[in-house]
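Participant: So the chains spell out like this:
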Amino acid sequence: PSVGIKASNGVVLATEKKQKSILYDENSIHKIEMITKNVGMVYSGMGPDYRVLLRNARKLAQSYYLQYQENIPTAQIVHKIANVMQEYTQSGGVRPFGVSLLIAGWDEDEERPYLYQCDPSGAYFAWKATAMGKNFVNGKTFLEKRYSDNLELEDAVHTAILTLKESFEGQMTEDNIEIGICNKDGFRRLSPPEVKDYLASVQ
Amino acid sequence: MSILEYNGAAIIAMKGRDCVAIASDRRFGIQAQTVSTNFQKIFEMGPRLYIGLPGLATDVQTVHQRLQFRLNLYELRENRRIKPKTFLSMVSNLLYERRFGPYFVEPVIAGLDPKTFEPFIASMDLIGCPMVTDDFVVSGTCSEQMYGMCESVWEPNMDPQELFESISQALLNAVDRDAVSGWGGIVHIIEKDQVTTTELKGRMD
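First to last, the protein sequences are chains L and S.
Residue 162 in the working numbering sits at position 176 of the first sequence; the count goes up by one each step and never skips.
Residue 492 in the working numbering sits at position 130 of the second sequence; the count goes up by one each step and never skips.
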């Protein structure tokens, strides 16, 4: 399950990263990744498919920068990623990507946050808050009640964790969830100690 | 015979207080023979964004058309007007794509930021090397003459009327010292809420 919430001054992405065995080295692989300094994304679905899209997205974003010497606006990169996903639904010998993406970005020019969702069909939607993956219906219902337009980023992180908790089996620790935030200072994945602090205010 | 001097041209752009100006000559000639006295070398790319293209006339027109193509798609995709600084990068990219077989134009850009209305001027060479300045930029067959004139008449924070006088005098007197430039002039003064276009009366020789 993944969750994204847009606040007045930023966006938060949160996801559960349950591993199959305690022998897994949790901090080596990440679900929440940066595309450019101002845009990040998380997925629900097949990890390998996500990696391909991530690589593609980073390259597309850099091409834009090469041409315009300006960071790609969030809506533009989402559109490009969605186009790639659509191609794989209409080409021969390929299958659609087995992931849904949540893309969070901050636009320098307009000085505002954006949250988008991309589906395997290539359709994309802009959200104020949304949930994806396991129990996403319950997640969305929870968010509908909890969301307000004048939420600040700090509160949004708190709400995101609570939303994840709804469908979480077992104890939530800083090693089995990932949180990423995007504000005017850019996109950043929170470190485990930072996640632990937020968890402390929830437990 | 240098290709950049085949048709002849002169463009100047100057920065003022909350305004920019861009001016060009109007001659279209083939070496010594003047063919037209109303050839367009400055093109409007946005409500407050202008580009001047001196150099080989065929490339002046082609670069303008291809740039317009890219700009139209940009504005449709991004649903916004392009910033002068971004436009500079777009032009630079277009020219460098032809690094080993370049367009023979050395563009001059003048405009105001669509949101902040901050003045912006810049020029670049035929393979896209950008140069952003705070005072003036020149390009064309009489660039040395134009540099001399601009250095003399330019001062910071000129208002639109003073800017008009300065850029006009700089252009007129520079092209009079160049055989392949001149035959009339045109000036655009770009301010936050209006653009004033004036045709200059100069020596028709």
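Hints are computed from structural coordinates only; laboratory data are not their basis.
Misleading hints may appear alongside valid ones.
What the hints assert, rightly or not - Now the in silico label distances, taken between C-beta atoms and shown as ranges:
{"id": "1", "chain 1": "S", "residue 1": "517", "chain 2": "L", "residue 2": "56", "range": "28 to 36 angstroms"}
{"id": "2", "chain 1": "L", "residue 1": "56", "chain 2": "S", "residue 2": "565", "range": "38 to 46 angstroms"}
{"id": "3", "chain 1": "S", "residue 1": "461", "chain 2": "L", "residue 2": "9", "range": "50 to 58 angstroms"}
{"id": "4", "chain 1": "S", "residue 1": "435", "chain 2": "L", "residue 2": "77", "range": "50 to 58 angstroms"}
Every residue gets a Cβ at the ideal spot worked out from N, C-alpha and C, and that includes glycine.
Participant: Hint by hint, say whether it matches the structure.
Facilitator: Do the hints match the structure? See the list:
1. At roughly 32 angstroms, the beta carbons of residue 517 (chain S) and residue 56 (chain L) sit within the given window of 28 to 36 angstroms.
2. Separation of residue 56 (chain L) from residue 565 (chain S) is about 43 angstroms and conforms to the stated range, judged on CB atoms against 38 to 46 angstroms.
3. For the pair residue 461 (chain S) and residue 9 (chain L), the beta carbons lie near 53 angstroms from each other, so the given range of 50 to 58 angstroms is met.
4. Between residue 435 (chain S) and residue 77 (chain L), the C-beta spacing of about 24 angstroms breaks the proposed range 50 to 58 angstroms.
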